[in-house]
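*Asks:* Read off the chains here:
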Amino acid sequence: MPKGNKELHDLGTLTTEKSSTVEDNIALLRELVSHLRQNRTQLRQEWARRITEAKLLTAMSQEEIFTEATAVYDNYVEALETGTFEALQAYARNLSERIIPRGVETHEVIGIVLLLRDVLARSLFAKYQHDFALLFRILDAYEPAANRIANTVSVGFVQERERTIRQQQEAIRELSTPVLQVRERLLILPIIGVIDPQRSRQLTEQLLRGIRTNRAKVVVIDITGVAAMDSNVANALVQTVEATRLLGATVIVTGLSPEIAQTLVTIGVDLAKMNTVGDLQGGIEEAERLLGYKVVPISETAQLA
Amino acid sequence: MEVPILKQGSYLIATFQAALTDEDLLKLQDALVMQVGKYRSRGVIIDVTALDVMDSFAARTLRSLAYMVRLRGADTVIVGIQPEVAFAMVQLGLTLESVRIALDLEEGLAIMDQRTKTGKGLALVDQRAKRGVLREK
Numbered sequence: 001m002p003k004g005n006k007e008l009h010d011l012g013t014l015t016t017e018k019s020s021t022v023e024d025n026i027a028l029l030r031e032l033v034s035h036l037r038q039n040r041t042q043l044r045q046e047w048a049r050r051i052t053e054a055k056l057l058t059a060m061s062q063e064e065i066f067t068e069a070t071a072v073y074d075n076y077v078e079a080l081e082t083g084t085f086e087a088l089q090a091y092a093r094n095l096s097e098r099i100i101p102r103g104v105e106t107h108e109v110i111g112i113v114l115l116l117r118d119v120l121a122r123s124l125f126a127k128y129q130h131d132f133a134l135l136f137r138i139l140d141a142y143e144p145a146a147n148r149i150a151n152t153v154s155v156g157f158v159q160e161r162e163r164t165i166r167q168q169q170e171a172i173r174e175l176s177t178p179v180l181q182v183r184e185r186l187l188i189l190p191i192i193g194v195i196d197p198q199r200s201r202q203l204t205e206q207l208l209r210g211i212r213t214n215r216a217k218v219v220v221i222d223i224t225g226v227a228a229m230d231s232n233v234a235n236a237l238v239q240t241v242e243a244t245r246l247l248g249a250t251v252i253v254t255g256l257s258p259e260i261a262q263t264l265v266t267i268g269v270d271l272a273k274m275n276t277v278g279d280l281q282g283g284i285e286e287a288e289r290l291l292g293y294k295v296v297p298i299s300e301t302a303q304l305a
Numbered sequence: 001m002e003v004p005i006l007k008q009g010s011y012l013i014a015t016f017q018a019a020l021t022d023e024d025l026l027k028l029q030d031a032l033v034m035q036v037g038k039y040r041s042r043g044v045i046i047d048v049t050a051l052d053v054m055d056s057f058a059a060r061t062l063r064s065l066a067y068m069v070r071l072r073g074a075d076t077v078i079v080g081i082q083p084e085v086a087f088a089m090v091q092l093g094l095t096l097e098s099v100r101i102a103l104d105l106e107e108g109l110a111i112m113d114q115r116t117k118t119g120k121g122l123a124l125v126d127q128r129a130k131r132g133v134l135r136e137k
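Chains A and B supply the protein sequences, listed in that same order. Residue 200 in this note's numbering sits at position 200 of the first sequence, with consecutive numbering throughout. Residue 61 in this note's numbering sits at position 61 of the second sequence, with consecutive numbering throughout.
Hint data in this document are derived by calculation from the structure and do not stem from the laboratory. Yeah, the Cβ is synthetic: ideal placement off N, Cα and C, and Gly gets one too. Since no wrong hints were added, every one of them can be taken at face value.
For each label pair, taking beta carbons as the anchor points, the in silico distance ranges come out as:
| id | chain 1 | residue 1 | chain 2 | residue 2 | range |
| --- | --- | --- | --- | --- | --- |
| 1 | B | Val53 | A | Asn232 | 18 to 28 Å |
| 2 | A | Ala171 | B | Tyr39 | 52 to 62 Å |
| 3 | A | Glu288 | B | Thr116 | 21 to 31 Å |
| 4 | A | Asn94 | B | Met1 | 51 to 61 Å |
| 5 | B | Lys7 | A | Ile267 | 44 to 54 Å |
| 6 | A | Asp230 | B | Ala88 | 17 to 27 Å |
| 7 | A | Arg93 | B | Arg60 | 53 to 63 Å |
| 8 | A | Ala302 | B | Leu92 | 47 to 57 Å |
Same shape as in the complex, but just chain A (with noise of 0.2 Å):
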């Protein structure tokens, strides 16, 4: 805390001044705002002019961009003058909500804030140019605010941006990996895709409790979907069958392409353990056979019969 050491150094000498340029910082922010407000549609429409030609927010209409602008011009300029930022920063959570579908990309808001900022900066400098002292501290006042609003906003949309991503991940992650019975205490668990470390964990835990509640005895896990296989996730199919054994159940693993059997016996992951199977039928077949049950045809069923 230099700052407060500082404040308390000074604390017998310097009171007074330090309280007037506060004063004036304050002094000095509202004249700034007034000033803003009263160049507010000159200034909002330079700043969405600058927008298209930088060629920013392509994916959105020359209306909208304007309306957006407008909305953000305003609460920026209350945050300026108010000191507070959760307005602004619920905006911005809101209109990055609205945007992020859209495929608004992360530079592109940074810039616009910034823009904003310049465009902002520039008309102070023609305001006071004749006057470099008050400009300055003019700009004293105004950038910190404009910089922490400018951060705010940043913040506010990648954590937005991270937040659906990290939705969309869930999602996406509960349906990749079902567990279905095909037939009593028969369990399939076809596996598409890539396989991470994270992944492998769930769908062993899905696995494990599927087998739980379906009370099954054979599982069949079908891997014709899965295009490339590394040591680690061989090693991680290779802890599924044995947890798999552990509930008292049997794995059969299909579908194994040629590229992933050469990778599997190059880097030497240890498979014996495992029941492979072609593909999917005759894994199924095959585990009908361990369960005995016989599929017949219904003509036959009818000769015997």
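Dock chain B against chain A, hints included.
*Replies:* Chain B only, in chain A's frame:
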């Protein structure tokens, strides 16, 4: 805490009520290996449904228990390992190799019946054979 050992027909059933100390586990092992001979049991079922954690000592003791029981002429089935416990065990490399495992007590008894009736048993219950046996009765 002692683990109660119940005699059910030609089987012995030991049900864990809570996590056991190493000493309790060894006591259980001794008692079971002794009683298998005493009651001329054909099988031992160990129910660990109540366990929410299984450490390496417990896993090793269960494995050696199964081997000892086999040498005394009976089979062992461990039943009721919880999904979370199974997952943790695999990550610790405790896979209870070559020990028979079943989902729950009911399943364990079915496997035992299967094995004792058909002599050399199968890993899985053969439903057709089971139905055949039922019909003969």
